Each structure stands twice: as structure tokens, then as C-alpha cells.
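A.B. asks: Sequences and hints are given; from them, build the entire structure.
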Amino acid sequence: MADGSPTLRVGVMLDGPVVQQWQADCLQHVLDVPGVQLVVCVRKTDTAAPRPSLPQRILRHPWRIALYLRYRRRHFRPPAMREVDIRDRIAGAPTVVCTTTRKGHGEYFSDADLDAIRGHRPDVLLRFGFGIIRGAILEVPTHGVWSFHHGDEQHYRGGPPGFWEIMHREPVVGAILQRLTDTLDAGIILRKGWFPVVDHSLPQTVDQVLHHSAIWPAQVMRSLLQGRALPTAPATTSAPILRYPRNLMFLRFLLRTLTNKWRFHRGELNAHEEWNIGVLYQPVQSLLQEVHSLNVRWLPAPGKNTFRADPFGILDEEGQLIVLYEKYDHRTGLGEISRLRPKRDNVLKRSRSILATGTHLSYPFIVRHAGAVYVVPESASTGRVELYRSDAQLSIMDHVTTLLEVPLFDPSLVHHAGRWWLFGTRPPLSNTELYLYHSERLEGPYVPHVMNPVKTDVRSARPGGTFFMDGGVLYRPAQDSSRTYGGRIALNRVTELSTTAYNEELVKYIGPVPGSAWCEGMHTLTAIGDITLVDGKRMVHVPARQEQVRSRKVQRLKERLRS
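Per this note's numbering, residue 4 is the first one in the sequence shown, and the count goes up by one each step.
If you're looking for bench data, these hints aren't it; they were derived computationally from the structure.
Watch out, some of these pointers could steer you wrong.
[As the list claims (entries may be wrong)] Below, in silico cross-link-like pairs of lysine-lysine (BS3-like), each with a Cα-Cα straight-line distance of 25 Å or less:
hint : residue 1 : residue 2
1    : K511      : K195
2    : K307      : K556
3    : K106      : K47
4    : K556      : K264
[Stated by the list, open to error] The following label-pair restraints were derived from C-beta to C-beta distances:
hint : residue 1 : residue 2 : range
5    : P9        : S113      : 29 to 37 Å
6    : T405      : A504      : 25 to 33 Å
7    : T48       : E86       : 15 to 23 Å
8    : G532      : I399      : 21 to 29 Å
9    : Q292      : V543      : 48 to 56 Å
Just so you know, these numbers come straight off a predicted model, no measurement behind them.
Beta carbons: idealized from backbone N, C-alpha and C, even for Gly.
C.D. replies: Here it is in C-alpha cells:
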């Protein structure tokens, strides 16, 4: 660049100018990175094979997988796979048209084509076309050829993406961005993530993986431009290589997805969440032990049509526990922030509402700063993150400022290394993608992290309580919603937190509490001195909620019929 800033010379490998929507988005993300230059398009030679005769087509047709192929051709239409013409985006880059030679399963480039590509000095080649490429082409770019594999390579090699995860009742489907090596399935992993399996819909499962992994090359390129080194160790895996399903297997798949669809709708109508708050009279650090106690004292069951969730608290001057929490009403579909004072004998002082805005509120995250108490409730439905000031009794909520004009779920603050860090997730993958913002002051302004989303993992991304320190190390509780919303708590050890990078590693999972009344989920873990607050879930039938769900489904059906 003219100002001396680092640049990255990028090429793209294509079969033609028409690509899938997720690939077009991926290329646009890359082109939007300051310092990236598109220097070459590597195109495959158009070699139209002669049309075989009818007898040849009959003999060569893959009859064993015909049902899946027909489904994929006529009914499998994820939006991310819609065809897009990208001539306008690549118009300024020279094109090298290559004819490859097939040897076994691999495609090899001629010396002349390799020299032509080298002449453009690419730092990275992004592969959206060709087949399994092998040989010298992999070493032409400084940082190699990058390619996606939509699946967790430790469990699933081959394809089709998402299909076998549904068949095997897996809760998650993985994806990787890798630098290709000359050894099959031994690429160098540059970025990896895990998405929820939508077990009643293969198109939805695949669409979210394609759409939300498309930003990964741009993120890795930003990291390169900041001077960070890329991984160098190739992956190892012994996972089986899976192929397109045969006809009988595909019929089993259809039956499974139809059954899962029926269970999904039945569950929405008849099984509804009831959350309650529990008190654990031990410090949160004790849960890091290999064998830990979960002797939770649950509050009395919430009233009809309501539940209590997302507990945060402080100790008053007399050492008494005061709790803010989400009080949800199934009849209105809204939550408000309420206050209560649990006692060791499980007797409650009367709960009362502290903040109700007519919009949904939850997750009243408490922050102590400069002798004052602040609260940041979730208000994602309004598209904003608000900061309130409270008092030592948590009896008032005075609005201070708007921290972000972003719909952030479960916003969680921590002051670390001289800065304020605001964590949360955003729609549409509110359980999967972790976003990070930072500021020098509690009141802001907050700026987005350059690597957003900093993590993609439905098992441990969405915030789930207060940060805490142990042995000089920062820990972040998060939610595992891979099998059910708020299924359990993931404790993450933060290994790197700066304005240019974020990394954490999973330590262990906590909850839910077996044998208790609320044993079907846990999604909040908060520390108050030597006391730890949690919440727990059970599924109950709520007629008011059932009627809301039924009305919504009828409305959606009418809209589909009209369209």
C-alpha cells in the first residue's frame, strides 16, 4: 500500500465465474480487509465432454445413490448455495486458465501454468474450484492454498456435509479452514468451529455452516497482516471416509428427519421451559476441582406461568445475599428484572420488580466499579446494550448510557489488563458465535474486536455468568446449547485477550444437577464471594405458552400458503 502498511496478495481458484452465495460472500469478506489485493484468478479450462448416448447414460448412472442425487438436485436448496455471478468482483484481476492432469484422485498443474501463477506472486490462493489438488501448486503461494472442509475432520471425512451427523444423532457439525498439504486429510487447520445440528432439516444445518464460516479466511488474513504467525502442524485423523448415502440409507434418513420434525413441533407445543434459581454455598473456584460438589439449594418453585433465571447478586453490608434475576411471564412472552433475598433456611423475602420496560429483559449482569454498582441487563430485542446504576441494596435502576447499538445476547463485562471487555452473542446464531467489544472506560465508547466473531462453538460460546480468577488465570463461564438450549455450563480458561486476538480453552463442563427437580439444564453460573448462584431447567406444560406457539405456527402456515 502507498502508506507502507503491509499487504496480502490473494488469488482465487474457480471453475468459472458463477459460484455459490457463500463463496461470493467469502470473497467479498476477503476483499473488504484493508491491505488485501486480488492479484490473480486461476480458472479451470472449459472442457465440455461429449454427451454420452442413452445406453451409456443408463449404464453409467449411479443407481445406488440415485435417490440422494435426485433430492440434492431438486429439493436441496440452502440459500447459501444459491448461484451468484462474480464477474464484477474479479474483473480487475488477471486470469490464468489452467489444464490439469489427473493422477489417481489428484489434479496436478503443468509447469507452464505454475510459472504463470508464480508470476503474479500470490501470498494466498483461496480454493473454490478444481478437485483434489496435489503437487507443486500447493507451494506456489507464500502461505499456501486455503480450502474449506465442512465437517469435523476428527469424526467425519468425505461427505455429504451434515447428512451423517443427522443420521448418527450428533449434536454438532464442524467446519474447518485449512492450508492444503500433499497428504490427503492432513491439512494445517487455520480456523475451526462447531455449529448446532438441526436434526429435522439438512438444508438448515448446511446453510448455517456455509454462511457463517465464510468470514474465516478474512479473519485469518487480518491476523497475518497484524504480523501473527499461522499454525504449521498438519492435522492427523483416523476418522472414516464417508460417501454419498445409498438408496436404502437415504430412505432411512428421510424417515428420521420426518420423525425429528414431528418431535420438534410436539415439543414446542407441549414441553416448555421452567427455570429456577439455586444457591451453592461454596466459592466458584471449587468447581474447577476434578471432583466437585453440586449441593445446590433450590428456591421454592416459581409461580404458575412464570420462571426465575439468570441470577446475579451482591452481599450487602451485613453479608446478606441480594439477587437480581430474570422473571419471565409465559403469558406475555416478556421478562423483567426482579430482586429477592434468599435465606439459608430457603425462606424468601418478597420478590419485587426492579426494571420493566415493556420489552424483554433478562441476564442482569452486575458490575462493581469505583465504589458503585452497575447493572447491564440483556435487552437484545431493542437492539441496544444499556448501562444502569444501582445502589447497595439493588433497589433502584437509573439509566446511565447506551453502551452499544447492537442486539447483544447475555452481555458480560470484565475489566482486564487495563481495559473493559464486553462479551456477547448476536443473531441469528445467538448460541454459537461469540462477539467481543472493548473500551478504556466502563461507559464506553466500545469498539468491535477486529477478529469478530472471536469464537464459533455452540458448545461454549454464549456467555453464562461472571468471570472469575483462579491462580492468576481468568475464567469465563459459557453455555453449552448443543443438545438443548442452556444444557450445561462450559468453563473456559482465557489464554489470550488483547485488542487483536482472543483465545480460550475448555476446562470442563458443569451441571446440570442430577437428581434434582431442575435437572434438564443450567445456563448461568455467578460468583459472589464464597457463594455461587446457578439456575436449573425442567420442562413442564404451560397452556398459555402452548396457545402462543400454536398461534405462531398457524400464522406461519398461512404465510407459506399465500406465498
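A.B. asks: Which earlier hints can't be squared with this structure?
C.D. replies: Hint 9 contradicted; others consistent.
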